[in-house]
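**Q** Each chain is listed here by its residues.
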Amino acid sequence: MIAPSELEAPDHKAIDSTKPEPIIALKDIIKSYTMGGVEVLAIRGISLIVERGEFVAIMGTSGSGKSTLMNIVGCLDVPTSGHYRLDGVNIRHLDDLALSRIRNKKIGFVFQGFNLIPRMSAIHNVELPMTYSGVKPAERRKRALVALDMVGLGDRLSHFSSELSGGQQQRVAIARAMCTNPSLILADEPTGNLDSRSSAELMSLFTGLHDQGRTIVMITHEPDIAAYASRVVVLRDGEIVSDRPQGTSSAVSYELSPSGRYSFGDSGVES
Amino acid sequence: MASAFGNLVMAVRGIGSNWLRTLLTMLGVLIGVASVIVLLAIGTGSSQSIEKSIESLGSNTLTVFSGASSSSSSGTKIRNSTLNTASVSALSNSLNDPDVKSVSPVVTTSVTATYNGSSYSTSVIGSTASYLSAENYTVSAGRSISHADVADRAQVIDIGTSVASALFATGSDPLGKQIQLGSSEFTVVGLLASKGSSGLSNQDAVAIAPYTAVQDQLTGESASFSELLVQGKTPATLSLAESEVESTLASLNDTTVANLPFTVIDSASLLSTATSSSKTFTALLGWVAAVSLLVGAIGVMNIMLVTVTERTREIGIRKAIGARRRVILTQFLIESTVISFLGGIFGAFAGILVSHFKIDGVTPVLASYSIPLALGVAVSVGIVAGFYPAHRAASLRPIDALRYE
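One line per chain: the protein sequences are A and B, in this order. Sequential numbering from 1 applies to the first sequence in this note's numbering. Sequential numbering from 1001 applies to the second sequence in this note's numbering.
Keep in mind that the hints were calculated from the coordinates and are not lab data. Incorrect hints may appear among the rest.
[As the list claims (entries may be wrong)] If you anchor each label on the Cβ, the simulated ranges turn out as follows:
#1 1369(B) <-> 158(A): 24 to 34 Å
#2 1383(B) <-> 62(A): 39 to 49 Å
#3 1310(B) <-> 62(A): 24 to 34 Å
#4 1008(B) <-> 163(A): 19 to 29 Å
#5 1298(B) <-> 163(A): 52 to 62 Å
#6 1295(B) <-> 52(A): 53 to 63 Å
[To be verified] Just a few of them, taken from the derived set where beta-carbon distance is under 7 Å, the chain A residues facing chain B:
#7 76
#8 97
#9 109
[To be verified] Some chain A residues near chain B, calculated using beta-carbon distances under 10 Å:
#10 52
#11 77
#12 80
#13 90
#14 94
#15 99
#16 101
#17 111
#18 113
#19 115
#20 116
#21 119
#22 129
#23 133
#24 183
#25 221
Built from N, CA and C at the ideal position, the CB exists for glycine as well.
Next comes chain A alone, as it looks inside the complex (with noise of 0.2 Å):
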């Protein structure tokens, strides 16, 4: 982990030469919104680290702020104030077509409901980020093919996402976010409206997925799919309460871990 201070570095880009650039680095995110004239903070103040490689589960209870955090980190929004940088590019003052181009380039969506399209086919939903990134119809055809399989849903190309289980339907979305090969899979609540058995087995591949390297940021309010994260970032009320790190292969809850190494202090982020 990387203290605030070295975020103020004048050259962002040459923060460790030693080091690769984190994935995601947010520094003094604060974003508030305007509901019937009254101003809600939704995020005050949140500086977070992730680093390439690591697998961190974002808890909170509803209106703790993470569905805002995800939407900022996911590029889907943009903070109040604060500096945001993913995977080395400075996401202030980047225009809509920017933003869509990160978005598409840079990061894998998972969410909650699927968001499947409907109407189109396993493989054509797979195929969709490639073909707004312009990769050609044959590698395209190829690589969601490739991710597919890799899913355990090689036999069902052709089906549409009315015609799959809903654990079958996330494996879709998560072929759908890999297949572009992103710095950053987003995952927001992917197990919400799964039973446990499909969270289980989901689960098991956003794990294989950490095993080779990938970087996630999960979204979750249920510490027992937390516990499959490397990392466990806890916010409340639009700040972070808690960070710590927690064995990858632990299915324990991270009440049980040992609390009392990893302390508020510890974490490094704390303002």
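Could you slot chain B onto chain A? The hints should help.
**A** Showing chain B alone in chain A's frame:
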């Protein structure tokens, strides 16, 4: 764009997801396009039939009426001038009027013709032999009235096919029969070939006799004619003939061309007047049809707005995974264009089909420009009507669109 074909496939799939709604929207465009084609065909058909009937009147003739047209009458020097045999012989002089082929005096009246108990109300034209050729009448049986008939004041007559069929039973030969016109008897010497019914009048409901006999028996002896029919040598020199006629008549009546107490009308100007009025008529029909096409366009826009709202979430997903504004815009524009283009194609077929039937007595004639015009308008309708909904879709913020239930 690499995914143009993919976009088309998506558009068709999107359209297919709600067939009934899409078909009804297409029907709006279909009716619009079909009515453009049919109404323009009706306009073209009726203007062609008007032109044809005017041409059949004789395309290189001048008609001289007594009485000045209102614009040229100066008020102070009105002469009670008449068209008489002196006028005819002056105009027939080829030295003064080298471009005049023939001059026929015309006396017209309307009488009831009877034969053997059958009667028929017809117009009788008293003239000379040259009248028939000037008016494009030909004799299908018997002979035409001759100069000798005119000189002899012979009570002979050529009758049109409508008169013949009304008075004589089918199979019987009218030639040589005596028909009663008013209180006088005329001998049928010729049958006129049918010129067909024009949009203006039935040109077969006529009988042509020597003007001398008509004056003797029907209108009463008079030195004047109601009009003179002047045939020019060629259609190209008709305007030359017109000025020659005017100056000859002016010198004959001791006046100037500007104060001429006669009105000279040439058939070409009649034709151009009729043509321009029928063009106005066609354009009017086209505008009426354009209104229905506009209604169809509103239907397309309406359905595209509904589609965009319904597919807000899909738009959110697409934007989240990297679709640019332009991709979303194109997708919905293609969809609306496909709807209106298909509507246009089917509308063109429907329009062509309907144009084969006679509508209100008019035989529609397909205007060659109307099909590409209607299709072009249909495609533009799709693009224009689809633009606002597509723009709305493209401008959606991905997080709002993803949150949409």
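**Q** Failing hints, ascending?
**A** 1, 5, 10, 12, 13, 14, 24, 25
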